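Start from the sequences, fold in the hints, and give me the full structure.
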Amino acid sequence: MTTVHEPSQAKITEFEDNDQKPVGFGRMLRKEDARLLRGRGRFVDDVQLPGMLHLAILRSPFAHATIVSIDTSAAEASPGVKAVVTGETLKGLGLAWMPTLSNDVQAVLATDKVRFQGQEVAFVVAEDRYKARDALELIDVEYDVLDPVVDVRKALEPDAPIIRTDLEGKTNNHVFDWETGDEAETDAVFARADVIVKEDIVYPRVHPAPMETCGSVADFDPVEGKLKLWSTTQAPHAHRTLYAIVAGLPEHKIQVIAPDIGGGFGNKVPIYPGYVLSIVGSIVTGKPVKWMEDRSENLISTGFARDYIMRAEIAATAEGKILGIRTNVLADHGAFNGTAAPVKYPAGFFGVFTGSYDLEAAHCKMTAVYTNKAPGGVAYACSFRITEAVYLVERIVDALAYELAMDPAELRLKNFIQPEQFPYATKTGWVYDSGDYEPTMRLAMEMAGYDELRKEQAEKRARGELMGIGISFFTEAVGAGPRKDMDILGLGMADGCELRIHPTGKAVVRLSVKTQGQGHETTFAQIIAEELGIPPDDIDVVHGDTDNTPFGLGTYGSRSTPVSGAAAALVARKVRDKAKLIASAMLEVSVADIDWVKGSFQVKGDPGKAVTIQEIAFKAHGAGDLPEGIEGGLEAQICYNPSNLTYPHGAYICVVDIDPGTAEVKVRRFIAVDDCGTRINPMIIEGQVHGGLTDGVGMALMEMISFDEDGNCLGASLMDYLIPTALEVPDWETGFTVTPSPHHPIGAKGIGESATVGSPPAIVNAVVDALKPFGIRHADMPLTPSRVWDAMRGQATPPI
Amino acid sequence: MQVPAPFEYERATSVDQAIGLLERLGSSARLVAGGHSLLPMMKLRLANFEYLIDINPLHSELGYIRLGDDEVRIGAMTRHRELLESEILADVFPIFRDAEKVIADPIVRNRGTLGGSLCQADPSEDLSAVCTTLDASCVIRGTAGERVVTMEEFHVGPYETAVQDNEILTEIRIPRKNFRAGSAYAKVERRAGDWAVVSAGAAVWLDDGRIVDARVGLAAVGPNTTGIPEISAALRGNEPSEDLFQLAGAIAARSCDPSTDTRGSADYKRHLADELTRRTLRTAVERARS
Numbered sequence: 001m002t003t004v005h006e007p008s009q010a011k012i013t014e015f016e017d018n019d020q021k022p023v024g025f026g027r028m029l030r031k032e033d034a035r036l037l038r039g040r041g042r043f044v045d046d047v048q049l050p051g052m053l054h055l056a057i058l059r060s061p062f063a064h065a066t067i068v069s070i071d072t073s074a075a076e077a078s079p080g081v082k083a084v085v086t087g088e089t090l091k092g093l094g095l096a097w098m099p100t101l102s103n104d105v106q107a108v109l110a111t112d113k114v115r116f117q118g119q120e121v122a123f124v125v126a127e128d129r130y131k132a133r134d135a136l137e138l139i140d141v142e143y144d145v146l147d148p149v150v151d152v153r154k155a156l157e158p159d160a161p162i163i164r165t166d167l168e169g170k171t172n173n174h175v176f177d178w179e180t181g182d183e184a185e186t187d188a189v190f191a192r193a194d195v196i197v198k199e200d201i202v203y204p205r206v207h208p209a210p211m212e213t214c215g216s217v218a219d220f221d222p223v224e225g226k227l228k229l230w231s232t233t234q235a236p237h238a239h240r241t242l243y244a245i246v247a248g249l250p251e252h253k254i255q256v257i258a259p260d261i262g263g264g265f266g267n268k269v270p271i272y273p274g275y276v277l278s279i280v281g282s283i284v285t286g287k288p289v290k291w292m293e294d295r296s297e298n299l300i301s302t303g304f305a306r307d308y309i310m311r312a313e314i315a316a317t318a319e320g321k322i323l324g325i326r327t328n329v330l331a332d333h334g335a336f337n338g339t340a341a342p343v344k345y346p347a348g349f350f351g352v353f354t355g356s357y358d359l360e361a362a363h364c365k366m367t368a369v370y371t372n373k374a375p376g377g378v379a380y381a382c383s384f385r386i387t388e389a390v391y392l393v394e395r396i397v398d399a400l401a402y403e404l405a406m407d408p409a410e411l412r413l414k415n416f417i418q419p420e421q422f423p424y425a426t427k428t429g430w431v432y433d434s435g436d437y438e439p440t441m442r443l444a445m446e447m448a449g450y451d452e453l454r455k456e457q458a459e460k461r462a463r464g465e466l467m468g469i470g471i472s473f474f475t476e477a478v479g480a481g482p483r484k485d486m487d488i489l490g491l492g493m494a495d496g497c498e499l500r501i502h503p504t505g506k507a508v509v510r511l512s513v514k515t516q517g518q519g520h521e522t523t524f525a526q527i528i529a530e531e532l533g534i535p536p537d538d539i540d541v542v543h544g545d546t547d548n549t550p551f552g553l554g555t556y557g558s559r560s561t562p563v564s565g566a567a568a569a570l571v572a573r574k575v576r577d578k579a580k581l582i583a584s585a586m587l588e589v590s591v592a593d594i595d596w597v598k599g600s601f602q603v604k605g606d607p608g609k610a611v612t613i614q615e616i617a618f619k620a621h622g623a624g625d626l627p628e629g630i631e632g633g634l635e636a637q638i639c640y641n642p643s644n645l646t647y648p649h650g651a652y653i654c655v656v657d658i659d660p661g662t663a664e665v666k667v668r669r670f671i672a673v674d675d676c677g678t679r680i681n682p683m684i685i686e687g688q689v690h691g692g693l694t695d696g697v698g699m700a701l702m703e704m705i706s707f708d709e710d711g712n713c714l715g716a717s718l719m720d721y722l723i724p725t726a727l728e729v730p731d732w733e734t735g736f737t738v739t740p741s742p743h744h745p746i747g748a749k750g751i752g753e754s755a756t757v758g759s760p761p762a763i764v765n766a767v768v769d770a771l772k773p774f775g776i777r778h779a780d781m782p783l784t785p786s787r788v789w790d791a792m793r794g795q796a797t798p799p800i
Numbered sequence: 001m002q003v004p005a006p007f008e009y010e011r012a013t014s015v016d017q018a019i020g021l022l023e024r025l026g027s028s029a030r031l032v033a034g035g036h037s038l039l040p041m042m043k044l045r046l047a048n049f050e051y052l053i054d055i056n057p058l059h060s061e062l063g064y065i066r067l068g069d070d071e072v073r074i075g076a077m078t079r080h081r082e083l084l085e086s087e088i089l090a091d092v093f094p095i096f097r098d099a100e101k102v103i104a105d106p107i108v109r110n111r112g113t114l115g116g117s118l119c120q121a122d123p124s125e126d127l128s129a130v131c132t133t134l135d136a137s138c139v140i141r142g143t144a145g146e147r148v149v150t151m152e153e154f155h156v157g158p159y160e161t162a163v164q165d166n167e168i169l170t171e172i173r174i175p176r177k178n179f180r181a182g183s184a185y186a187k188v189e190r191r192a193g194d195w196a197v198v199s200a201g202a203a204v205w206l207d208d209g210r211i212v213d214a215r216v217g218l219a220a221v222g223p224n225t226t227g228i229p230e231i232s233a234a235l236r237g238n239e240p241s242e243d244l245f246q247l248a249g250a251i252a253a254r255s256c257d258p259s260t261d262t263r264g265s266a267d268y269k270r271h272l273a274d275e276l277t278r279r280t281l282r283t284a285v286e287r288a289r290s
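From first to last, the protein sequence lines are chains A and B. Residue 800 is where the first sequence ends in this note's numbering, and the numbering goes up by one at each step. Residue 290 is where the second sequence ends in this note's numbering, and the numbering goes up by one at each step.
These are computed hints drawn from the structure, not numbers from a lab. All of these numbers come straight from a predicted model, not from anything done at the bench. Hints are not guaranteed to be accurate.
Said to hold, decoys possible - Quick list of simulated restraints, FRET-style, between CB atoms:
| hint | chain 1 | residue 1 | chain 2 | residue 2 | range |
| --- | --- | --- | --- | --- | --- |
| 1 | B | Asp91 | A | Gly80 | 54 to 62 Å |
| 2 | B | Lys177 | A | Glu733 | 47 to 55 Å |
| 3 | A | Glu709 | B | Ala192 | 24 to 32 Å |
| 4 | B | Ala90 | A | Met719 | 37 to 45 Å |
| 5 | A | Asp731 | B | Arg66 | 39 to 47 Å |
| 6 | A | Glu733 | B | Glu286 | 46 to 54 Å |
| 7 | B | Glu286 | A | Arg42 | 53 to 61 Å |
| 8 | B | Glu286 | A | Gly39 | 46 to 54 Å |
Stated by the list, open to error - No farther apart than 35 Å at their CA atoms in a straight line, the calculated lysine-lysine pairs in the DSBU-like style are these:
| hint | chain 1 | residue 1 | chain 2 | residue 2 |
| --- | --- | --- | --- | --- |
| 9 | A | Lys321 | A | Lys287 |
| 10 | A | Lys574 | A | Lys619 |
| 11 | A | Lys666 | A | Lys460 |
| 12 | A | Lys113 | A | Lys365 |
| 13 | A | Lys604 | A | Lys21 |
| 14 | B | Lys101 | A | Lys666 |
| 15 | A | Lys287 | B | Lys101 |
| 16 | A | Lys113 | B | Lys101 |
| 17 | B | Lys43 | A | Lys772 |
| 18 | A | Lys31 | A | Lys598 |
| 19 | A | Lys455 | A | Lys198 |
| 20 | A | Lys574 | A | Lys31 |
| 21 | A | Lys598 | A | Lys574 |
| 22 | A | Lys91 | A | Lys113 |
| 23 | A | Lys365 | A | Lys31 |
| 24 | A | Lys91 | B | Lys43 |
| 25 | A | Lys460 | B | Lys43 |
We put the CB at the ideal spot given by N, CA and C, even for glycine.
Written out as structure tokens, the structure reads:
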């Protein structure tokens with residue numbers, strides 16, 4: 001069941017709540033912002049320890065080269081240098097290679113050869129970062145340069161250079177083949193279709209580029225044998241376990257601390273060589289060691305995103321009933337398969353490429369290959385590759401609309417999965433929990449004034465002006481995930497939560513997930529507040545420190561609210577259950593005779609006779625006996641294993657104008673209607689949506705990590721890799737519908753990545769729509785002026 | 001954090017003292033004004049200088065815009081923001097305000113200078129195109145005194161100027177002509193604050209409705225910002241018209257020498273040279289008439 005809210009009314013009523021601080025769900029300012037906005041945040045680079053040294057990494061200037069020799073003597077003699085370490089040294093310690101999150105291995109420091117520009121070759125530890133950086137210049141590495149594999153389309157050619165010579169018996173650059181859906185059924189559906197539309201669609205390599213780059217401070221205590229590691233990680237517990245496995249340190253002697261994090265977007269999920277090197281540096285020198293990468297290092301060596309070359313085909317009847325979708329994908333995984341995704345999902349959740357439509361059949365075949373580029377692949381708020389899936393389906397549906405000369409909104413409305421079909425099993429094996437798509441779509445069209453926009457467009461076209469209207473409708477799959485299906489290197493994707501109510505009724509909740517800016521300290525306090533009636537300001541949210549929080553897999557893939565948020569609600573209910581027993585004793589009535597009214601238990605029929613949660617908390621810790629069998633204290637813990645993912649959806653409409661003379665694209669309006677189920681803090685949701693939409697403008701119009709033919713990265717600074725500013729984005733127009741998740745305790749679904757997933761196709765569809773007078777059915781991102789001009793002349797080319 | 005190689009730093013106290021330091025330190029020293037090009041290059045270790053001489057203290061001496069009857073003199077330390085906000089300049093040469101609105105961002109404009117922009121000699125640099133369009137000359141001072149060079153002489157090559165190791169660019173002089181003048185600037189960029197894909201400046205002087213003189217300057221379409229004398233020759237003596245602008249655009253497109261890079265293809269840039277030449281001439285003429 002969907003509740004539709006008029007956005008204009010919603011805005012007014014919600015803003016009135018702004019300073020009234022809801023005891024539960026509602027709009028309130030973020031608790032963490034007082035600290036962050038005043039410069040009182042504490043990030044990894046703010047960590048200062050006595051005697052701390054600084055680490056700098058020497059990186060490969062070549063994409064593919066054999067290391068002939070490394071001479072570190074001059075660097076070792078450089079003033080202030082405490083250690084210079086190469087791959088050979090690590091080899092002796094058995095640390096030259098480490099496992100990736102996809103059961104591949106990755107070089108910590110290159111020993112045999114370098115496989116991408118920017119790969120780690122050696123490191124220096126020195127008294128300060130200047131001296132460390134200066135000494136890098138003194139390390140003399142002799143390389144024997146090899147031909148690189150840059151064009152992913154040529155990676156499997158018989159004469160392609162073999163990148164992974166480290167893997168025994170490897171004779172090509174093949175990583176994996178993957179398939180989903182039913183090929184024969186899909187072919188049969190295509191055989192009887194009236195219309196088949198085919199497009200080659202590229203989702204270029206992009207980079208999450210968080211404001212804070214990656215870094216760590218390692219402090220190994222040789223006496224206690226304890227390692228403390230402050231690091232920029234979205235998954236502190238998973239990292240700790242992996243360090244224990246890789247480095248052979250006992251897990252209880254490792255404390256991973258993720259302090260304030262300046263943006264993650266999936267960039268801070270993997271374990272990077274730099275983190276490991278800081279640990280090695282601390283062990284070698286006996287001092288705390290800080291490593292903080294610079295902007296260029298972040299862009300060239302850490303987890304990229306996307307890089308899928310997709311052939312999409314859609315089959316439909318002449319009336320516009322979509323019958324099936326099939327796709328062939330060539331995936332560029334870089335030099336090591338470092339994809340951060342559940343193990344059984346090598347292509348992440350790309351399998352949801354059937355989108356929001358009720359199809360008869362679907363099939364996908366994918367081949368992943370190695371190239372001489374940085375590893376990564378799942379990042380940039382992609383919900384494990386749903387960005388690629390949604391882009392594919394929303395682009396090819398638009399191409400079908402073009403071919404059928406149908407309005408793209410009408411075509412979508414005609415093919416939506418209907419509300420009574422939920423839970424809906426897709427042809428590729430996903431079970432959508434809930435959805436009611438048409439009201440969401442209609443609200444977006446109403447907010448946009450869709451019919452008027454089409455009229456305006458027709459008038460402008462008659463005058464030779466270029467205006468485009470683009471639609472995308474997405475269904476996301478977030479909240480990984482049921483542990484029977486989903487794990488990261490054997491670690492089930494469940495999350496713990498601990499809640500303790502102090503004697504005075506204040507509380508502390510400890511989470512296994514970790515905010516990188518999403519506002520957990522507010523959202524989770526509100527979840528507890530909603531369940532227990534304790535004001536959010538009275539609830540301390542502790543997260544990011546493995547010594548002080550329960551185990552769980554961390555924050556990425558929009559999983560915090562679906563998984564950890566559920567844990568928080570359930571742990572609060574456990575506390576409430578115990579509180580009820582104490583309340584019944586305090587009120588001297590039976591448990592059956594009291595009701596919970598947010599914040600207190602009341603005697604049925606006698607609201608004047610009640611005890612508040614604060615009074616109960618004091619009783620739980622106070623003098624006097626508790627009911628028989630009840631322990632003192634008021635606390636609980638839980639580990640939540642979700643029964644399914646949650647499936648948020650949304651309808652986005654973008655309006656662009658293109659200057660016919662210069663081919664510059666201006667995003668004039670953007671309407672985003674999101675349905676993430678129950679809304680905890682609308683202000684935070686809107687903030688996440690605004691950020692994701694801005695990401696979408698970046699990817700659609702300007703962002704791309706490209707390489708020259710030698711494998712040199714051409715996006716190594718923010719002058720070359722463009723991310724959008726306030727001047728490129730319109731005033732966002734947001735609205736919402738509410739279709740709760742049936743299996744989530746509070747009905748909430750994830751929202752963190754919806755806008756990043758949903759906005760690029762809306763923008764590209766708008767640009768392609770604007771170019772309709774030129775007979776354009778598809779053009780690839782990034783739609784820079786030059787590439788739009790190419791498209792206008794019928795010369796659109798793939799970006800790579 | 002990107003960190004530069006070690007260097008010595010000294011703040012200049014006067015133009016002559018700075019020249020003295022340059023004389024003594026030679027090519028191992030570099031002047032730093034706004035620093036928005038030099039410091040990133042040093043942090044990336046693309047530029048390594050043993051000495052930096054900070055000439056920001058010379059702003060009081062070299063930061064000015066002076067309107068004379070036959071020329072405008074602008075001190076080399078005049079900051080972007082001062083150029084942007086100057087009503088005098090907007091009145092006589094509106095091309096400056098057009099350009100300054102699309103140069104980088106407020107933080108850069110607060111600190112970056114006219115002299116620094118010109119001395120960086122980046123082929124995509126906007127103020128060089130503006131100065132080329134306006135037929136500016138550059139005053140360069142050394143121990144032997146001052147010399148004045150044209151923009152063509154000033155630009156020796158990409159990132160290379162006529163300013164010697166022991167000299168300072170002190171002033172830009174822009175001639176005023178006794179006719180109705182109009183000027184304009186247009187830039188295509190991939191994102192606000194980016195370097196130009198292509199930009200164009202145009203200036204026209206009208207007498208009795210006819211073009212007495214006209215100049216067009218382009219950026220990012222060749223090794224250095226490019227003035228195109230052939231356009232001036234084609235426009236002089238004619239009444240402004242769309243046909244004439246089209247002719248000028250065609251000359252611009254065939255006279256420039258762009259290369260394909262991540263900002264765009266050579267063909268597209270050539271097209272923009274045409275398109276932006278026509279647009280800026282159109283605006284410049286409108287302004288001259290009003």
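Hint-by-hint comparison with the structure:
no., hint, in the structure
1, B:Asp91 to A:Gly80: 54 to 62 Å, "holds, 57 Å"
2, B:Lys177 to A:Glu733: 47 to 55 Å, "holds, 50 Å"
3, A:Glu709 to B:Ala192: 24 to 32 Å, "holds, 31 Å"
4, B:Ala90 to A:Met719: 37 to 45 Å, "violated, 29 Å"
5, A:Asp731 to B:Arg66: 39 to 47 Å, "holds, 42 Å"
6, A:Glu733 to B:Glu286: 46 to 54 Å, "violated, 35 Å"
7, B:Glu286 to A:Arg42: 53 to 61 Å, "holds, 56 Å"
8, B:Glu286 to A:Gly39: 46 to 54 Å, "holds, 48 Å"
9, A:Lys321 to A:Lys287, "violated, 67 Å"
10, A:Lys574 to A:Lys619, "holds, 17 Å"
11, A:Lys666 to A:Lys460, "holds, 15 Å"
12, A:Lys113 to A:Lys365, "holds, 32 Å"
13, A:Lys604 to A:Lys21, "holds, 29 Å"
14, B:Lys101 to A:Lys666, "holds, 18 Å"
15, A:Lys287 to B:Lys101, "violated, 50 Å"
16, A:Lys113 to B:Lys101, "violated, 48 Å"
17, B:Lys43 to A:Lys772, "violated, 46 Å"
18, A:Lys31 to A:Lys598, "holds, 22 Å"
19, A:Lys455 to A:Lys198, "holds, 29 Å"
20, A:Lys574 to A:Lys31, "holds, 25 Å"
21, A:Lys598 to A:Lys574, "holds, 15 Å"
22, A:Lys91 to A:Lys113, "holds, 14 Å"
23, A:Lys365 to A:Lys31, "violated, 46 Å"
24, A:Lys91 to B:Lys43, "holds, 32 Å"
25, A:Lys460 to B:Lys43, "violated, 49 Å"
When held up to the earlier numbered hints, the structure conflicts with 4, 6, 9, 15, 16, 17, 23 and 25 and fits the remainder.
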